[in-house]
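Trainee: From first to last, the protein sequence lines are chains A and B.
Using the working numbering, read the first sequence as starting at 1249 and increasing by one per residue.
Using the working numbering, read the second sequence as starting at 1249 and increasing by one per residue.
Source of the hints: derived by calculation from the structure; they are not laboratory data.
Wrong hints could be hidden among the right ones.
A pair holds if it fits inside one copy or across any two, identical chains being indistinguishable in the list.
[Stated by the list, open to error] Once the Cα atoms are required to be at most 20 Å apart in a straight line, the calculated EDC-like pairs of lysine to aspartate or glutamate come out as:
1) K1294 with E1282
2) K1348 with D1266
3) K1278 with E1436
4) K1269 with D1305
5) K1390 with E1331
6) K1273 with D1431
7) K1294 with D1386
8) K1366 with E1376
9) K1390 with E1283
10) K1390 with E1349
11) K1390 with D1311
2 protein chains.
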Amino acid sequence: MLLCDIGNTSFHFCDGQDSYKKSVKDFDPKTLQEEVFYICVNPQIKTLLEPLSNWRDLSRFIDYTNYYPSMGIDRIIACESVENGIIIDAGSAITVDIVKEGVFSGGYIYPGTEAMQKCYQNISSALEYSFNYELDLDIMPKNSQDAITYGFLKPLQSEVRSHQMNLYLTGGDAKKIAKIFPDAHIDEALLFYGMKKIIQRANLC
Amino acid sequence: MLLCDIGNTSFHFCDGQDSYKKSVKDFDPKTLQEEVFYICVNPQIKTLLEPLSNWRDLSRFIDYTNYYPSMGIDRIIACESVENGIIIDAGSAITVDIVKEGVFSGGYIYPGTEAMQKCYQNISSALEYSFNYELDLDIMPKNSQDAITYGFLKPLQSEVRSHQMNLYLTGGDAKKIAKIFPDAHIDEALLFYGMKKIIQRANLC
């Protein structure tokens, strides 16, 4: 059994033990013969997979009662993987979702690291600095690079901490922002746990 | 005596009682004969004003000891206007500065309302919503518009509240974000108070 989390840039596979990525540009899903359970936020790839009977879309087996219609399937699956906690998925956006007693209780969207960097650049060329992820957020900044780094990271940290819940950190940029959440469980395979849960609950194998 | 705060888009005048704006595009500073004390973040206008003897640049009379070299003169003057507190200046960027016992103790830069709106749009067309400033930030969002609104406003609110200090709110977008800071002193003339302080301290009139 193969699991696959398909994003805008890559197919992220998990064969039970190891995980590996294939680029959306190069990889042809027809070349796989075995059964693949997948989730997909990429509309073009989704259309491509529909006629392939060995590719099984896990989004069909979700109970959507507690989620909202435009919520991404990746956020939903991440929520399914946790019983109590906050899940931060750091990608092109940073999604922050709360699950209490296995039920999604809401979440929000903060800009991702690259998007925020560009945002500051677009405000003024005087703010064209890369973020300093080593910054001590307990000290108020006194230079421009620190001022935008703090502006990006500290408000997010303050909001997340205010919930006083267990924190799960996943996504491509998880390691970048891990320093501001030293108590977080960092797990890039979080979505795969959620997918396995759905498969078991729906008796799919 | 006329005071003038010059930004990228306008000359903001204060004649002691009333304040009014003139567009940078239309207004010719040579047409004014009376003495004007000004601060200016616009490099082109700054060059234009240098040869005019009745336009007096207040940035020359600041004690920069506690500030940092690339810090905008508008932020510095706002800090000069307050003895103890947090100053939020909501413009193209939202600057958040802390003053304790009359001394600047650091500050940071958060994206302004328009910049953040564009930032979300650039991440995904699925996030092309305008912010809902009426949103109740005590409830976790369950739709996309609320998810980006909360993502923009709540982290900022959490960080600012964590300092537990008096809050002064100024800048063109002060009214937009005022709802999330119900205890703030909203004062669009904050910079003018700072300018008057500098004038008095330097015995300029």
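Trainee: Does each hint hold? Answer for all of them.
Mentor: Checked hints:
no., hint, in the structure
1, K1294 with E1282, "within (18 Å within a copy, 69 Å between copies)"
2, K1348 with D1266, "neither (30 Å within a copy, 53 Å between copies)"
3, K1278 with E1436, "neither (26 Å within a copy, 62 Å between copies)"
4, K1269 with D1305, "within (18 Å within a copy, 58 Å between copies)"
5, K1390 with E1331, "between (41 Å within a copy, 18 Å between copies)"
6, K1273 with D1431, "neither (36 Å within a copy, 52 Å between copies)"
7, K1294 with D1386, "neither (45 Å within a copy, 36 Å between copies)"
8, K1366 with E1376, "both (8 Å within a copy, 17 Å between copies)"
9, K1390 with E1283, "neither (55 Å within a copy, 34 Å between copies)"
10, K1390 with E1349, "between (43 Å within a copy, 17 Å between copies)"
11, K1390 with D1311, "between (49 Å within a copy, 16 Å between copies)"
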